[in-house]
Amino acid sequence: MTDPKAALGAPLARLEGRDKVTGRARYANDHTPPGSVFAWPVPATVARGEITAIDDRQALAHPAVLAVLTHLNAPPLAEAEDPTLALLQSPQVAYRGQYVALVVAETLEAARTAAAELRISYRSERHDVVLTDDHPGIYAPELANAGYPADRERGDFDTAFESAEVRTDAVYRIGPLHNHPMEPHAATAVWDGDRLTVYDSCQGGNSVQQTLATLFALPHSQILVISEHVGGGFGSKGTARPQAVLAAMAARTVRRPVKLALPRAQLCAVVGHRAPTVQRVRLAARSDGRLHGVAHEVLTRSSTLSEFVEQAAVPARVMYASPHSRTTHRVVRQDVPAPSWMRAPGECPGMFALESAMDELAQACGLDPIELRLRNEPELEPDSGRPFSSRHLTDCLREGARRFGWYPRDPEPRRRSRGRLLIGSGVAASTYPVYVAPSSAEVRAEADGSFTVLINATDIGTGARTVLAQIAAHVLGVATDRVGVEIGRSDLPPASLAGGSSGTASWGWPVHRAATALREDLARHGEVPAGGLAARAATGAEDLAASRSFARHAFGAQFAEVQVDMDTGETRVRRLLGVFAAGRILNPRTARAQLLGGMIMGQSMALSEHSTLDPEFGDHAERDLASYQVAVHADVTDVQAYWIEEEDPHLNPMGSKGIGELGIVGTAAAITNAVHHATGIRVRDLPATPDVLLGR
Amino acid sequence: MEYTFSTEVALRVNGEDHALLLDNRSTLLDVLRERLGLTGAKKGCDHGQCGACTVLVDGRRMNSCLLLAVAQHGRSVTTVEGLAEGDTLHPVQQAFLDHDAYQCGFCTPGQICSAVGALAEARAGRPSAVTDPAEDPPVPLDGPEIRERMSGNLCRCGAYPGIVRAVMEAAS
Amino acid sequence: MKEFAYHRPTDAASAVALLAQSPGARYLAGGTNLVDLMKLGVETPDLLVDLGALPFTTVEPLTDGGLCIGAGVRNSDLAAHPYVRAHHPVLSQALLSGASGQLRNAATVGGNLLQRTRCLYFQDVTKPCNKRLPGTGCPARTGVHRDLAVLGASGHCVATHPSDLAVALAALDATVDTLSATGPRTLSINRLHRLPGNHPDHEHRLLPGELILSVGLPAPAPDTRSGYRKVRDRASFAFALASAAAVLAVEDGRVTHVALALGALAAKPWRATTAEQALLGGPATEAAFGRALDLELTAAEPLPGNGFKVPLARNLATRLLTDLATGEQAPRRETR
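Chains as they are written, first to last, in the numbering used here: chain U, 1 to 696; chain V, 1001 to 1172; chain D, 2001 to 2336.
Rather than coming from a laboratory, the hints here were simulated on the basis of the structure. Keep in mind that a hint or two might mislead.
[To be verified] Label pairs and their in silico Cβ distance ranges:
#1 2142(D) <-> 123(U): 22 to 32 Å
#2 2136(D) <-> 137(U): 42 to 52 Å
#3 2301(D) <-> 1058(V): 38 to 48 Å
#4 2125(D) <-> 64(U): 17 to 27 Å
#5 412(U) <-> 2286(D): 24 to 34 Å
#6 2184(D) <-> 92(U): 40 to 50 Å
#7 1058(V) <-> 50(U): 45 to 55 Å
#8 415(U) <-> 1088(V): 52 to 62 Å
[To be verified] Chain U is nowhere near these chain V residues, computed Cβ spacing over 10 Å in every case:
#9 1003
#10 1026
#11 1047
#12 1136
#13 1140
#14 1154
All figures in this text were calculated on a predicted structure; none of them were measured in a lab. Cβ coordinates follow ideal geometry from the N, Cα and C atoms, glycine included.
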């Protein structure tokens, strides 16, 4: 690792690795400022209604209990963009699980006990929580998440569909999915006069700082958000969540530092989740498989508090050439917890539907599913007509087929077995857009020959620290071990959040720019002055706009081999293999981890993650990690991720595309397509649990 | 019979003796984290469903979130902070580094303690659900064995392949 | 979690005496379910009597070929015991298919038998539940019940018993030795747990404060094979959707001994006596096993969302019996 030129693209081990394996890495609730006390939140037990009375006498009778915050006495908050953060501000309950009180006590034990002893009375109203295809409240939003137009029409789909030689028409259903990062949302808040420090488990400290400044009507400069290590987020920590706000409110009230970790079983209600989707996909094709029309119509739901529209029809605007296309989103607002971002919002559920439909079309046309995709490869981005900055889906499919051993393949279902197990293989494509956001960074040179990168980036497990050191080392022409990185504090140069797979591009760009400026400064100075040298740089709208004339997306192809036990309905993934094209891979070690991690989460979604919105009570029934089953070690046997070299000059100075979300896109379809190949059973509703496959 | 809600408890933690007056409600996890400042063990679920709080109690891996501290009186506890010998990492810790067996790192202390416990169990010839009944001790730790034995430790980042490689290396 | 007092007696009589004095007391064994439920507010003891210092921690083969298993024996120790592995594979397999390595190291035999249902409504104190709060209703019947009972349920409760161990013990004709204020007694494992009927809160036949000291196993019937199979959504660390424990002897193609218990289908391990009677003396074939299971499962009354458990249990148990009859090992649970 001493060849500076090799810094970028080298499999550098994570800089914080030693801290993580020794337990020294400190997460939000691992900080205990002197005098710290503990908070425990109390969720609403009705799905819709109003608090009519609060009896906190028993709770307050415990000598260790310091305060019970409710809408009657909580510090007032200014209005923030996210209505779910108007915590303890009104007696109204918009969904079951919404926070209605917070107990603060000297000990965690006392806080938990007192929270259970609060008596809260409600006037409850009839709730509306069941998502039906014909719900009278369904409407057409203007925009879907991430600012995409909700509806797009090209050509005349209806006529194309009616006149098509081959048609598929199916509805795919995915229930709510939950992020469940291993670290529950936690914060430790300390006030010093009018200055607030929050150790927060978040994906972006500047975003949290901004929100807290708004809510508490303070200048940014008086708020410090520290998130040195974050135990995963997968979108659920993308913006400020209740823990940071509640901890700050409590700390202000009791004038002590407050530690608050949201209990696992409460997360489903208060940190967002992937909204359920009902997706109708219709494909019209010629008998040779060439698409004539694509319609992807999505129904999803949001809470009454906010409109969040899972943009599941958006990938259909990117993937395949067809003269006629309709992509639409409909949404209904119900008395349910507010959905939000979960790893690859839009692409993940949308590509399950689209890639399942493509498999159905391949079957209908008697075509190999890879061949079908090759025949529908577009010249230009179908919806926008823009050229792709780079697109290597077909290479991924071919390379994946080779590595996986796809051919020769008998497409007929139910032909392969091993003992009483049916075996099958499936393929699906992956795609994820290139996002990038303005950020700033500083790079310092010290007289001792060391360098430091300073940027308020957040490492939620991606390896952000490590890749930023590599970028700086590469530009400066020094070994990576001479570059230190300081991230995760809002008093560092401001940066965008770790979301939308945009971190490396957004942060690496100003780091690259600052390092370049520093290199030039150093060349002028000859040697580093005693006080060191620093260069600061930022990216702005003009940088980000430069490549707007191109459609920029990462692509991939995923292959699954499954076995299905038809006696028990159990599906196990024997092999999962992905080949991706995501620009230049800056650190193969951490990149592989990201891609594998996405694929494993996709497998988990396909086979075991199951959440029910309880019609009677209006909450997610499977709220803990026993009932909401995420993949365990035993589920994950042989998962491999590869990539192809992709040069793309229209991205950023590093030439990289985001990889944090790409891996989860397409996995579920590859697996259920393989289940179909094994059994002849088409799984259109996830997950493919034993009850779905048994006896069919 | 005198009833009190707190109890004097003697605990040996990472080789150090502690005499603590503890709230009977305190779990071992909360005592480690909030009384002894050992924040390596993590609270992922607080109900024994994720494994992030795994520590070794008298050498055996357990979920510290489900152990009442008062009931551990006289026991010896090893946390992730107690595995290394000075600057020399425990072989499992080193293997985790070498195989990139973590991403966010939150489940890592539990995975590592669990692996240390699992390796000892296999050495002692203890079977798992996938062990061939005819197998004589010690049980060889191949992929299926490690995956089954480590299944009490969730990793939402999906670092499983690296963890399995790390445990396999530490086992050999 | 309510404040509670704590005692750790060193003999069983003292433990029983402590419970007799305080109706709000609970025994603490491994705590893996009790502490969980205390955090949820489902259990609110004012006194915990820790059984950790009691002497019932050994597994002792008896001269008649039987086995005496201390109630305080850890699940993992019992699963690893050489005698158990050699003579009662069903028991070892059942234990190892349950929970995780960490939980098995903490959980005890006695505690495992008395663990509570994982019905989501039972575990949520903000919702009605006839088992937790008699008379409040059972939302599971019309709500989320995919995991719940298809056999022996009532209009008041459709909970299942979550133990794997208990299913194996049911097939092994185990007995439970207890001590209560009225003295020691022994009862059959198959009488320990109760079906819900009108009183789903009465989960077992132990008296208030009655303490399980040990579990007894009779000598294995000659020439029997035994095994345990479990199906769940993910490959490990999950409760069963259905499970089966069987002990089988076959001579000249005919069943000479059969004991079959089904798990995760009812509020107790379901000893499949109807199937056993149908099989005994008859042919040991897959077809016969399947017919016997069909007969057994005619008693099933599935809810709209858990009907799959009936064919699942049928197929699972049929496969287990067939494999035992043909001497097939359970295929190693690996996928390559």
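Verification of the hints:
1. Distance hint check for residue 2142(D) and residue 123(U): the Cβ-Cβ separation is about 24 Å, which falls inside the suggested range of 22 to 32 Å.
2. A hinted range of 42 to 52 Å is violated for the C-beta pair residue 2136(D) and residue 137(U), which are about 32 Å apart.
3. The supplied range of 38 to 48 Å is met by residue 2301(D) and residue 1058(V), whose beta-carbon atoms lie about 47 Å from each other.
4. Judged by the Cβ atoms, the range 17 to 27 Å given for residue 2125(D) and residue 64(U) holds: they are separated by roughly 22 Å.
5. The beta-carbon spacing between residue 412(U) and residue 2286(D), approximately 27 Å, falls within the hinted interval of 24 to 34 Å.
6. Between residue 2184(D) and residue 92(U) the Cβ separation comes to about 59 Å, which falls outside the hinted range of 40 to 50 Å.
7. Here the CB-CB span from residue 1058(V) to residue 50(U) is close to 53 Å, well matched to the stated 45 to 55 Å.
8. For residue 415(U) and residue 1088(V), the Cβ-Cβ distance of about 55 Å falls inside the hinted range of 52 to 62 Å, so the restraint holds.
9. Listed as a non-interface residue, residue 1003(V) keeps its Cβ farther than 10 Å from every Cβ of chain U; the least gap is roughly 17 Å.
10. Once the 10 Å rule is applied to beta carbons, residue 1026(V) is inconsistent with being away from chain U; the minimum gap is 6 Å.
11. Residue-level check failed: residue 1047(V) sits 6 Å from the nearest beta carbon of chain U, not beyond 10 Å.
12. The Cβ of residue 1136(V) lies farther than 10 Å from every Cβ of chain U, with a closest approach of about 23 Å, so its non-interface assignment holds.
13. For residue 1140(V), the requirement that its beta carbon stay farther than 10 Å from each beta carbon of chain U is met, with the minimum near 17 Å.
14. Against chain U, the non-interface label of residue 1154(V) is violated: not every CB pair exceeds 10 Å, the least being about 6 Å.
The earlier numbered hints that this structure contradicts are 2, 6, 10, 11 and 14.
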